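Protein chains: 2
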Amino acid sequence: MPELRKDPIIGRWVIISTERGKRPVDYEIPAPVVSQGSCPFCYGQEHLTTPEILAVRPPDTAPNSPGWQLRVIANKYPALRVEGELEKSGEGLYDKMSGIGAHEIIVEMPEHNRFLSDLDTPHIQNILSSYVSRMQDLKRDARLKYLMVFKNQGYRAGASLEHSHSQLIATPIIPKSINEELAGAREYYDYKERCVFCDIVKQETVDRRRLVLENENFISIAPFAARFPFECWLLPKKHESNFENSTPADLALLAAMLKETLLRIKASVNNPPYNLVLHTAPCQISGLQHFHWHMEIMPRLTRVAGFERGTGFYINPTPPEEYARFLREVQIG
Amino acid sequence: MPELRKDPIIGRWVIISTERGKRPVDYEIPAPVVSQGSCPFCYGQEHLTTPEILAVRPPDTAPNSPGWQLRVIANKYPALRVEGELEKSGEGLYDKMSGIGAHEIIVEMPEHNRFLSDLDTPHIQNILSSYVSRMQDLKRDARLKYLMVFKNQGYRAGASLEHSHSQLIATPIIPKSINEELAGAREYYDYKERCVFCDIVKQETVDRRRLVLENENFISIAPFAARFPFECWLLPKKHESNFENSTPADLALLAAMLKETLLRIKASVNNPPYNLVLHTAPCQISGLQHFHWHMEIMPRLTRVAGFERGTGFYINPTPPEEYARFLREVQIG
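Those protein sequence lines, which keep their order, are chains R and H.
In terms of the numbering used here, the first sequence opens at residue 304 and continues consecutively.
In terms of the numbering used here, the second sequence opens at residue 304 and continues consecutively.
Next comes chain R alone, as it looks inside the complex (with noise of 0.2 Å):
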């Protein structure tokens, strides 16, 4: 069983994976790439996964087999299970739990070789359905308090497999980054009575130098404190702190400018590897009127991460005026 454990500092929770276990020689050994013959989110190779969970596939194919545009699976080494009791202990000074949870991967088509930002729109919005249904089910499982959705997309953003596909960990505690926007959320509405999110869109509206894209719905900015050149948020202009509320016409438009946004930037810099996190509302929580869902992509150009991850200090050397006036600029397929 995987455990949770809590730095006692700082409150930090880590996933400490007892049962992958990888010994300090597996780590002389670099990952195989893994081609498409043998990839298991590919068609004709179903059977090499756990079963799906969901699909969006015509009425007469069978499960675990060809034909679908997109399935949802366990994943087969979880870095959290659905399985047993959530039972918190000490250890001296120390905090854990047990590593309750779910880890499933939306393998996102069946092609090898393609990208998210190659899809058509509709498709785009089946992924994101896909994300909402799966939001929807997990919620009710009460001992999960948080849904992750992200995507890695690249080897040097993390990817361990080349397919196209995201990922969600649900977990039985916040993680910290989102409990530290829940708290910073709240003491601006606390101060000024209104959600920061707004404020944002609102100023970013009006204000133009920061914005990349903006439809009925959404818009997609640089925002101002940016950590990475090239970074975008997207953000719904009407108050929502869960995404999983999100109706079809929203992720119709949401699909859209996730498309362009990330077409814009595949433009910009030459296809690079990116991450992309959903930033919602804990699972068990709604209707928060300081908290407002967005989605963050982080393309990765740069290579400070390791002084960041011990400062929590970042050095952006692209301004994101200038690169949200590039990325509105760039011609497009």
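None of these hints come from the bench; they were simulated from the model.
Errors might be hidden in some of the hints.
Pairs count within a copy or across copies, as identical chains cannot be separated in the list.
Claimed, not checked - Below 25 Å or equal to it, Euclidean Cα-Cα: the simulated SDA-like pairs (lysine to any residue) are:
#, residue 1, residue 2
1, Lys309, Glu483
2, Lys391, Lys495
3, Lys309, Lys505
4, Lys399, Glu490
Predicted model only: the values in this text are computed from it and were never measured.
We have chain R already, so just place chain H on it with the hints.
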């Protein structure tokens, strides 16, 4: 002038380095590897750097000429600048300040192809002493709130020059990760009336499963909630909040422990890239009862940094007890 900008949600400050001003097209050109012949940190190339601020060299050698054991110089491309006024201003809902600070490089040795762990203990002690000297000097500038000492070893850890060096960045704000440690440690102290780091030292010294090394004044441990495989922390046994108060005797013992910890990591996992950061109290404050300086060594063996960026959530595939045992038992030199 570089600019410090504050994230309006979580309060994280970011340096927006407008002068270095990388244009989008710059990201497509891979950074050149500086070879031994043209390295500005090598013997005989002293004219390629800014004038030395401090050096360990025989009295019969001239500044900025060969003969030195280590040199401290100002970074030619500083993230922050000493000149100018510290001006704070707003921009709508956002906050920023001028990028006042300092950015120095500690060139640890004249040889291009040696590692910190290859040096003898007195030489490493001189490096640690140079940190102390520079910190003592810089803290006299009341505009500076924090002195960050860190080292990126290896390209994958973010080093832009391969010649072994450390860096010191002085900032007009306290970095987020230090603020978090200060707040968490204060909370613990308010509740228990004891320093959390002192409690960690006590528990680890008795428990011994996560203890890597121990000498008269220091311990080297695998932290209970380690984020990374082979992450090690070095802590003084005696309570002290400020690193720059270390005596020469302390630094000699710390140098010996740092060397041996690095050698044991190197022998265990084939000389990995790593980051080393010094966490100490803000430079305008001393004598804190609840905070305790320490060093964190973070080898870069996993590629999960991308996901962590967005969530603050870490998955460590190797339990600290397991790699601590390996580090204790591995044969070195």
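(request) Pop the pair Lys309 and Lys505 into one bin, within, between, both or neither, using alpha-carbon distances up to 25 Å. (result) Between. Shortest inter-copy distance 18 Å satisfies the 25 Å Cα cut-off; intra-copy 38 Å does not.
(message) At most 25 Å between CA atoms: does that hold for Lys309 and Glu483 within a copy, between copies, both, or neither?
(response) both (16 Å within a copy, 14 Å between copies)
(message) Checking an output row: Lys391 and Lys495, CA cutoff 25 Å. Within, between, both or neither?
(response) Answer is between: at 21 Å across copies they meet the 25 Å cutoff, but 38 Å inside does not.
(request) Pop the pair Lys399 and Glu490 into one bin, within, between, both or neither, using alpha-carbon distances up to 25 Å. (result) Between copies only: 19 Å across, 29 Å inside.
The structure meets every hint from the earlier list without exception.
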